[in-house]
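**Q** Please build the complete structure, drawing on both the sequences and the hints.
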Amino acid sequence: MSTKNLLGISLLILATFGLLQVGFAQTPPKTMVVAITAEPDPTDLNPIRMITLYWMAETYADLVEWDQNGKTEPGLAQSWTVSPDGLTYTFTLKDGLKWSDGQPLTSDDVAFNFKIFTEQSTFFYYQWASIQVPDSNTVTGFALKPGAIETPDPKTVVFHLSAPSATFFIYAGGWPILPKHYYEGMDLSKNNPDVTTMVGSGAFIPHERVPGDKIVYVANPYYYGGKPFLDQVIFKVYRDPTGAEIGLQSGEANLMLNVPAQDVPALQANSNLVIGTEQPQLNTYIILNHHPKLIDGSDNPVSNLLVRKAIVLSLDLPSILNASFGTFYKDANQIQVPNMYYLGKAVWNSTIPMPEWPYDPTTAAQLLDQAGYPAGAGGRRFTLNLVIAGQPGASIIKMLQLIQSSLKTVGINLELVLMERSAGRQRIFRGAVPKDWNMALGGISSSPDPDVNAFYMVSTLADNGAAGGFNAGGYYNPLVNQLTVLGENTTDVDQRVAIYQRISGIAHEEVAVLELYYPVEIHAWNKMYQGFVLGLGNPPHDYWGIIKHQSLAKVNIVEVTTTTSTEAMPVGPDYTTISAVVIGLVAIVGVAAYMIGRRGKKAN
Amino acid sequence: MGFGTYITKRLIVALGLLFVVTTLNFAIVHLAPGGPEAVLLSNPRLTVEARTAIIKSLGLDKPLYEQYIAYVRGMLTGDWGTSYFYLEPAFKVVAGRVPATLLLMVPSITLTILIGVALGILAARRPYSLLDRALSSVAFFFYAMPAFWLGFLLLTVFSLYLAVLPASGMTSVTGVGFNPIDYLRHLLLPMLTLTLVNVANFSLLVRSSLIEVLDQNYIMTARGKGLTERTIFYRHALRNGLLPTVTMIGLYVGFILAGAILTETVFSWPGLGLLTFDSIFRRDYPIVLALFFIFSAMVIVANLVTDIVYGLLDPRISYE
Amino acid sequence: MSKNSTRRLQAASQAWRRYSRNRGALLALIFLIVLVLAAAFASVIFSGDPEAPDLSKDRRPPSIINPFGTDYLGRSQLTLIIFGARTSLIVAFAAGALLAVLGTITGLLAGYYGGKIDGFFMRMADVFLTIPALPLILLVVAVMGPSLLNVMLIIGLTGWPTMARIVRSDTLSLMKREFIEIEKVMGANSRRILFKHLLPNQLNSIFVYTSLSLPAVILTEAGLEFLGLAPLSISWGFMLNTSISYWITGAWWLSFFPGLAIFSTSLAFYFVSEGLKDALNPKLARRRESLVAQVVAEREK
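Residue numbers (my numbering), protein chains in the order written: chain V, 24 to 627; chain G, 148 to 467; chain W, 259 to 559.
Hints are computed from structural coordinates only; laboratory data are not their basis.
One or more of the hints may lead you astray.
Claimed, not checked - Computed footprint of chain W on chain G; a stretch qualifies when at least three of its residues, placed anywhere within it, have a C-beta under 8 angstroms from a C-beta of chain W:
1) 159 to 171
2) 287 to 296
3) 405 to 416
4) 436 to 447
Claimed, not checked - Here are a few chain V residues that face chain G, going by a calculated C-beta distance under 7 angstroms:
5) 236
6) 262
7) 266
8) 269
Beta carbons are placed, not taken as given, at the ideal position from N, Cα and C, and that holds for glycine.
**A** Dropping the structure here:
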């Protein structure tokens with residue numbers, strides 16, 4: 024190569040390096056970038072489809088809001104009353120409410136809202152509630168007939184129920200109210216709303232969406248809590264937590280949701296970041312198959328109560344969970360989550376031991392012998408499989424592998440079957456009964472009402488065949504079914520709570536499911552962003568309470584001294600290791616070069 | 148038989164191939180045990196009515212042959228169905244992602260060809276010399292390297308440890324307007340990953356093709372005639388040696404497409420590869436079918452083009 | 259008969275001499291043999307259960323005791339990699355064998371019978387070549403479920419066209435040779451011609467091409483495991499998959515060593531096959547074997 028060429032090339036390289044140094048596109052002032060790792064790309068911003076509700080938490084306010092202590096506070100409704108007979112609910116809206124395009128928010132919108140959700144309820148998230156009542160367009164005791172909703176004046180909405188309902192207030196109050204003038208006439212089952220013209224009542228309204236990449240939300244000047252400090256909130260989708268963490272580190276993102284537990288120490292080492300946690304109403308557990316035989320006719324040991332007891336006794340869950348999640352989890356011992364309330368009273372059953380079961384592998388082995396599964400050659404008794412749908416995080420995999428090895432010590436061989444999401448869900452929830460699996464990893468969002476977990480996890484009231492409740496394992500106890508129905512129809516607080524505590528107790532005694540843990544959500548953000556409110560959102564947006572509109576509206580940016588962030592985080596291998604690796608690689612290449620040379624000379 | 152007939156014949160074969168491919172795609176995809184029901188209706192809280200309604204609205208209750216006819220007709224008229232997941236026309240969704248993948252693929256193919264040929268020439272020029280051996284061993288190195296590992300190594304070195312390049316995506320989140328530098332910074336690592344592996348492969352191919360040509364009798368004749376090595380190489384060997392590699396380029400489109408899937412996954416590059424990955428897992432039939440069609444079409448077209456170019460270049464070919 | 263076997267022995271030892279002159283191929287072969295032996299006798303060499311967790315050793319960097327470090331369950335990565343070699347090697351060899359068998363049979367039949375059969379097989383090969391392999395593999399494995407068998411099958415099924423083409427064109431050129439004509443005139447039946455003459459003469463190149471395809475097979479299989487489309491047993495690709503989540507914690511060795519294993523094995527197969535190519539095919543036959551020449555010949559048909 025001539026010197027001229029060399030010079031040219033070197034200049035080019037230098038220029039490229041120079042360009043690279045041109046700083047990262049700085050975040051414009053008053054913008055916050057939120058890093059999300061969503062397994063499916065948030066498909067659309069269609070309020071009819073369940074998946075999108077998390078994304079709508081910023082956009083739509085509800086009649087009633089819940090604060091981080093589970094106490095109700097005014098949302099769009101300033102006040103509300105219930106008639107003594109429980110059949111009439113009256114909500115009075117705040118003064119001067121406006122949508123983000125300036126149109127007034129009135130009782131007409133509320134009435135329209137219920138209409139659209141019940142009419143296009145085919146897809147709707149809350150359709151489940153109607154299963155319990157014969158009419159198909161009802162929300163526990165509320166049927167949409169003429170006269171059911173009255174709007175005597177723009178600020179008042181009156182609901183007339185046919186029967187007292189334990190859950191109506193929670194649903195009606197927690198319902199995201201959609202704008203009538205925007206959605207009227209739209210068939211949401213066929214079309215998605217146009218993001219660029221969206222109208223909402225929350226603090227930030229989406230205005231731009233790049234599929235698979237980001238959604239841009241713009242501040243709503245008419246937000247009832249006052250105009251937010253930030254101008255823009257951008258949700259950026261990362262494929263995996265590592266990418267999101269790199270983004271957070273480099274300043275590309277300012278808030279990261281759902282940080283995996285094992286990465287927390289590394290993030291904590293960075294003094295520019297703040298870590299916060301939320302306790303959403305989630306219950307992670309293992310679904311147990313209670314049918315005596317599998318679909319191929321083979322025996323299902325898990326259907327035997329002694330075997331189930333043996334399984335739970337052979338697991339030292341507190342240690343396993345601690346090893347997998349650090350401190351970011353809560354031991355689970357019952358089907359209800361710790362922060363589940365009914366009208367302010369907790370449904371938690373404190374008589375159930377914590378941890379739920381002692382660690383006693385000796386008794387476990389005895390129980391297995393008793394159940395008729397003696398240890399054979401090599402200590403093996405039988406094989407079970409556990410199906411997981413979708414890609415769980417590293418911590419969950421670790422936990423499952425630890426469970427696997429614990430079971431091995433009592434002679435149970437556990438196969439972990441990781442399936443991609445849709446085929447996995449098909450196999451777990453919708454495959455023919457009986458199933459072809461012994462156990463499956465399950466998780467349920469328990470909000471907004473204790474009825475959810477009881478109904479889905481341990482009753483057989485949901486349509487298990489087609490719609491498929493979470494009770495895919497077919498646990499059946501007629502008493503539990505009766506209690507569940509009773510719970511739906513009881514309005515007295517103490518009675519109702521007692522019912523659910525009883526259900527939890529029965530589920531515990533019979534090991535209906537294998538309780539694992541209540542997840543703790545970890546979020547991390549740049550310390551310049553302050554004002555987040557953690558733990559918001561009883562129904563219906565219990566995930567990501569931190570990005571509910573009441574929280575985001577309060578976020579502001581404060582100038583703080585930042586330490587140079589190129590230090591810290593993953594230190595990477597030290598210099599000696601790096602040099603060793605590099606030298607090793609160069610050696611390989613060199614030796615290879617030498618080898619090839621030999622061959623050439625001797626070619627015949 | 149003239150050149151025109153040659154092209155026409157090739158064109159007919161290509162179209163036929165396309166048809167067979169699409170039928171095969173349809174068959175395979177519909178044999179999936181998960182089925183589209185598993186995707187949209189995976190929420191266990193949906194009722195029976197809800198499921199039936201969805202199935203109806205998406206035409207999944209019709210018999211298979213009706214679906215097939217509708218599919219073929221749709222493909223021809225540009226109606227590739229509505230994505231189950233995005234609720235938008237599949238064509239629109241796929242078309243929306245094409246620019247991103249092209250942005251990754253086109254520079255990559257170009258660089259692969261340019262650098263691959265250059266390196267191949269350099270190596271073949273003095274076979275088994277130090278330069279050749281060094282280049283070859285580096286080529287082996289990248290040839291055996293799993294693309295996703297390489298991508299991840301680069302990602303961690305440059306994004307994580309050195310923090311000079313962005314970790315993912317195509318543009319900065321808050322970029323305003325069209326900023327070419329920004330695009331370039333995001334493009335660098337994915338393109339590097341994609342190109343390195345293919346350059347290695349391609350250059351080895353060029354090299355071996357050239358070396359083979361150099362063994363031919365007519366080269367020896369040329370040497371006997373007293374021509375300089377340089378002339379022999381550049382005037383005779385090169386032209387004949389490069390011909391077969393033209394054919395290879397068609398095949399390379401296929402390889403680079405495959406590489407793009409893995410690379411886009413590692414770098415979260417919002418292109419067709421990522422869409423493939425996601426849509427397969429989601430059983431989004433219309434998108435999956437559309438994507439297979441596009442990929443096959445790209446490979447078929449690339450082969451067709453190289454056939455034609457080859458036909459033009461090689462005087463030995465008789466157009467049958 | 260003994261003359262035949264002595265001749266074969268001679269040819270074999272000549273080939274071996276040629277092969278061992280190539281130091282790189284020799285080294286690679288030794289590496290592979292050691293790997294295969296270690297994998298086969300892994301349970302003897304490493305006592306205890308390789309999968310048993312030991313949380314006290316969570317993610318220790320490489321050291322004297324654990325040359326490859328420990329993973330997130332405290333298990334020695336060296337042990338895991340040796341055990342994981344079983345999966346990779348078995349899949350590689352099985353897929354390679356399937357590919358070879360399919361390709362050889364179709365190539366032989368197509369070349370020998372010609373006509374419609376030839377047309378049919380070659381069109382099928384064309385179709386399989388045109389459908390981009392990776393999306394097809396992704397789809398099929400996602401559809402049929404994550405079992406090693408499926409992985410082996412689908413990799414074998416997507417790799418046969420190239421082999422078929424090569425065998426076919428070799429068959430065609432062999433068919434033109436005199437001894438085939440003689441056999442035909444003598445009334446030998448097809449099976450005899452196919453199996454006694456056509457096939458044995460191509461064994462070398464079939465062998466070479468199968469081994470040439472192995473690096474790609476290893477990489478594809480690792481890719482599938484990496485994407486989560488293979489069973490959750492100990493395998494290199496799966497180790498890579500789980501290691502990504504731990505990058506940010508600084509545990510670089512979790513992904514470095516499995517990646518290195520994949521890479522070295524793939525490279526070793528490559529060197530070995532290159533060596534075989536030169537050893538088994540003296541200079542005269544080299545033109546025939548080159549893939550590039552195959553393609554050119556294809557066009558000239």
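**Q** Using the nearest Cβ pair, does residue 262/V come within less than 7 angstroms of chain G?
**A** 4 angstroms, holds
**Q** Taking 8 angstroms as the C-beta cutoff, is the stated coverage of the region 405 to 416 of chain G by chain W satisfied by three or more residues?
**A** Check passed, 4 qualifying residues.
**Q** Is the interface hint for residue 236/V satisfied, with its Cβ closer than 7 angstroms to some Cβ of chain G?
**A** 5 angstroms, holds
**Q** Checking hints one by one. Is residue 266/V an interface residue toward chain G, by the C-beta closer than 7 angstroms rule?
**A** Residue 266/V check passes; min Cβ-Cβ to chain G is 4 angstroms, inside 7 angstroms.
**Q** For the restraint on residue 269/V, tell me whether the closest CB of chain G is nearer than 7 angstroms.
**A** This interface hint holds because 4 angstroms falls under the 7 angstroms limit.
**Q** Are at least 3 residues of the region 287 to 296 of chain G within less than 8 angstroms of chain W when you compare beta carbons?
**A** holds (count 9)
**Q** When I compare C-beta atoms, does the region 436 to 447 of chain G have three or more residues closer than 8 angstroms to chain W?
**A** holds (count 6)
**Q** Counting residues of the region 159 to 171 of chain G whose CB is closer than 8 angstroms to a CB in chain W, do you get three or more?
**A** holds (count 4)
Violated hints for the displayed structure: none, as all numbered hints are satisfied.
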